[in-house]
Amino acid sequence: MFDTMSPTPCHGGVASWGGLIMASRVTGMSKTVIYPAAAIYTMDQSRPTAQAVAVRDGRFLAIGSLDELSVLDDYTVDNTFATHTLLPGFVEAHSHSYAGGLWMHTYCGFFDQTDPQGKTWAGCKNIEDVLNRLRQAEAVLLDPNEPLLAWGVDPIYFEGEHLAGSHLDQVSAHREILVMHASLHIATVNNALMTAQGITPDTTMEGVPKDGAGWPIGELQEPAAMSLAGKPFRSFWGRLRAEHAIQGLGQLANQAGITTLTDLGNPTSTDPATIAQWQKIVNDSQFPARVSIFNMGNPATDLQAVTATRQKSSDKLRFGHVKVVLDGSIQGYTARLNWPGYLNDRPNGLWLVPPEQVTDLLRPFHEAGLLIHAHCNGDQAVDVFLDSVQELLTETPRFDHRYTVQHSQLTTPAQYKRIKSLGMCANIFSNHTWYWGDQHVTSTVGPDRAARMNSARTALDLGVPLSMHCDAPVTPLGSLHVAWSAVNRVTSSGQTLGPKERITVYEALQAITIGAAYQLKMDHEIGSIAPGKFADLAVLKADPFLEDPMELRNIGVWGTMLGGKTFPSA
Amino acid sequence: MGHHAGWKNFPLRLVMKQSPLPLTVIGGYLGAGKTTLINRLLADSQGERLALLINDFGDVNIDQSLITSHDGDTISLTNGCICCSLADGFASALDTVKENAHRLDRVVIEVSGVGQPAKVALWGQSPGFYSDGVVVLVNGQSIMQRAEDPYVGETVLAQIKGADLLLLTHTDLMDSPQVEEATQWLATKHQAPVLESPVATALLYGLPPQGTDSDPAPVDYLTASVVLNKTVDKSILDLWAKTRPTGVIRAKGLVKISDRAENQTDVQLFGPNLVLRPHPSDQTLNTVVAIARPGTPRAALIKWLNQLNPAN
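Note that the protein sequences, when read in sequence, are chains U and C.
All residue numbers for the first sequence refer to my numbering, where the first residue is 7 and numbers rise by one.
All residue numbers for the second sequence refer to my numbering, where the first residue is 48 and numbers rise by one.
Any given hint could be a false lead.
Said to hold, decoys possible - The calculated lysine-lysine pairs, modelled on DSBU-like cross-linking and capped at a C-alpha distance of 30 Å, are:
1) C:Lys-166 with U:Lys-237
2) U:Lys-216 with C:Lys-350
3) U:Lys-125 with U:Lys-571
4) C:Lys-303 with U:Lys-216
5) C:Lys-166 with C:Lys-277
6) U:Lys-216 with C:Lys-208
7) C:Lys-277 with C:Lys-208
8) C:Lys-303 with U:Lys-237
9) C:Lys-277 with C:Lys-289
10) U:Lys-216 with C:Lys-281
11) C:Lys-166 with U:Lys-571
12) U:Lys-216 with C:Lys-289
13) U:Lys-237 with U:Lys-216
In short, the hints are calculated from the structure, not lab data.
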């Protein structure tokens, strides 16, 4: 057993592979390829480590020592991974397809982030950084009528500085500029855009703040006001659905070692055009990931449509699961919290569906045997979901339903006990500790409940099937960062939140591989390195069990293997 | 000035060719009766060509024989109304409405049971529209208990506080002390007028009820209007709004406000809330109309309206 300790790797070293090659019996066309590696961690307890994997027909044929594999017929040896560490391809069980599309716009976020082409963009630490970034982007736009669209700016980090339209006027007085904030609830626009779109002192809409002289300052708050930005606003969202947005998502996954993605919450996943688009892109052998698409639609009418989409699934593309959203976000103060709610009596959050309707909403899907995941950031939303699942399971018992609490950020130990006893799973948003942990301490829930947030240790100790996620693009697509967050629970300012809730490196890597695969009902196919499973690998440039746990997120990713095909990242 | 005088001919939307469409928001918690109301609006549109923006076509009873076209997100009906799905959001649905604005009279948005109607009403401030009131339905039987609910209490109260007009529903299942109790309770939460459902649909739009056969309206609602003989000071409008007789449900008009650049300002009085917006009018109307509950003293209503015409 190495449930909670690091396994002992087999570090054979490159030199010893010569023997294997010499011993190989190559007789004509060989379909079996043996990949020796510096270390292999299978996430499969029966054979936790290995020296090499043998791959045939897109699947793992055998896993073992060099001696063991040398008895195979007709193999070739590929030393591509000889100095690398292999893990099962990472599984991101809560991401959104538009994470790829946002990169079609200029990145202005606070943290360094890497785009689908592999270029790392430095974080914008102040308004001048934002303006410089925009100037560079503006300089390469050839068509003077093309609006400059940007995303990710987060003034919460700018210490009181307020991004206004007049700042953006310094970038261009003629080109329309729209900068979407990280929250996606506010956009800042320049004077050229306001002039072109008719946002004037006569604009009376709320959410369009004005200066002392009555001129709009260029901030558009909430969707109604943002829609005043007209065509640039529509372009911002419209482009996220384009084909190369999905291609970008695949590239981001590849850089992160992810071989299975989710589009967790697609409102048009029963639409034939959407299905055809995803089929065309993902089923192409060049696309480097599998994708599981969860429908997020109107449940009363969609059961038949969702069930029908299951016929459209393939080895790489899965349809037919369901997501519902119960509440908002904690950092946006829209998650539903049990008493005492947000700090200093700030109003409680929003329900996305009426709590007493959740059971009725889920019932047809429950009875049809579909997999259902529910977005519950706040603990009150968790209560509502658990009550509904309990009611449904009492009415119509189901085995192996894998109901999953998504985000599960403030879930209490008592709730985890219920999750366990109801046979449910938790997919925890562990990246929050790093990205908003400090804000949770000072502003949203205070140090006590911030220490309880994303409590993976409690979930594991109670036997709750665990996964962890990044919710890209809310935080960048990156499984090692997710694992690092759960292992270290360090905030951006360096404090450790709830150190007793930390989990081991091995547990964290389990959660982002076999743990996530289980929640997608794919653990019989992916999530561990075992004979018969798809040959999906995360190829790392260092051994996560030998590195300092604080370095986990910095481990280089060579790329991936998907179904036996190698995908080196750019 | 007189009963209905001025109102029927009130050309708020005829002033300009591209006049903005009035946009009415209907909200209320689960079980408040929104779907029943929406079905009634659709079945008897009172000659208004409505664009109904709804969350789920499945909830609405649309007589198949009345459908002239159905393109997925939009259903067109023989009575000139269209239904638009909100599945792609408000911006997309309102784009559809704009494309059809020339053959529509009004937009009605149904807000989801947990949605905040006052926030949705912001869309009524988009170009091409004007906000024509927030109607919030309240289930008289359950509201006081619901307001204490740890899960949805503040959601329900926030809905109520965003209303321009409160519609008390399920009163047929309540006795009159219960209706009185619920009405009194609502008055402690929010100042908006409370009407008992069902009411004439016209009242929801701030129009005088005509009392047609299909419309269960009592005909004795009181309406009156005043023509302003000169510009009016903002301070007088503010005072006027604060001193409305208790029976006033709604008042609206176009006036010229002193020291304001625009030729005409759209005046909307919803309950206690005075909303003034520049109106893109090249004509001068200078008229304000008001509608009040049955039993409101007519003299008081007229006297109140005449405050807008102070003696020289």
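Now for the hints, and whether the structure bears them out:
1. C:Lys-166 with U:Lys-237: At roughly 23 Å apart (the allowed maximum being 30 Å), U:Lys-237 and C:Lys-166 satisfy the hint.
2. U:Lys-216 with C:Lys-350: violated (37 Å)
3. U:Lys-125 with U:Lys-571: holds (24 Å)
4. C:Lys-303 with U:Lys-216: holds (24 Å)
5. C:Lys-166 with C:Lys-277: violated (35 Å)
6. U:Lys-216 with C:Lys-208: Status holds; Cα separation ~26 Å.
7. C:Lys-277 with C:Lys-208: violated (35 Å)
8. C:Lys-303 with U:Lys-237: violated (34 Å)
9. C:Lys-277 with C:Lys-289: holds (21 Å)
10. U:Lys-216 with C:Lys-281: Holds, at roughly 21 Å.
11. C:Lys-166 with U:Lys-571: violated (51 Å)
12. U:Lys-216 with C:Lys-289: Distance ~27 Å between U:Lys-216 and C:Lys-289 Cα, so the pair holds.
13. U:Lys-237 with U:Lys-216: The hint holds at about 22 Å.
When each numbered hint is compared with the structure, violations occur for hints 2, 5, 7, 8 and 11.
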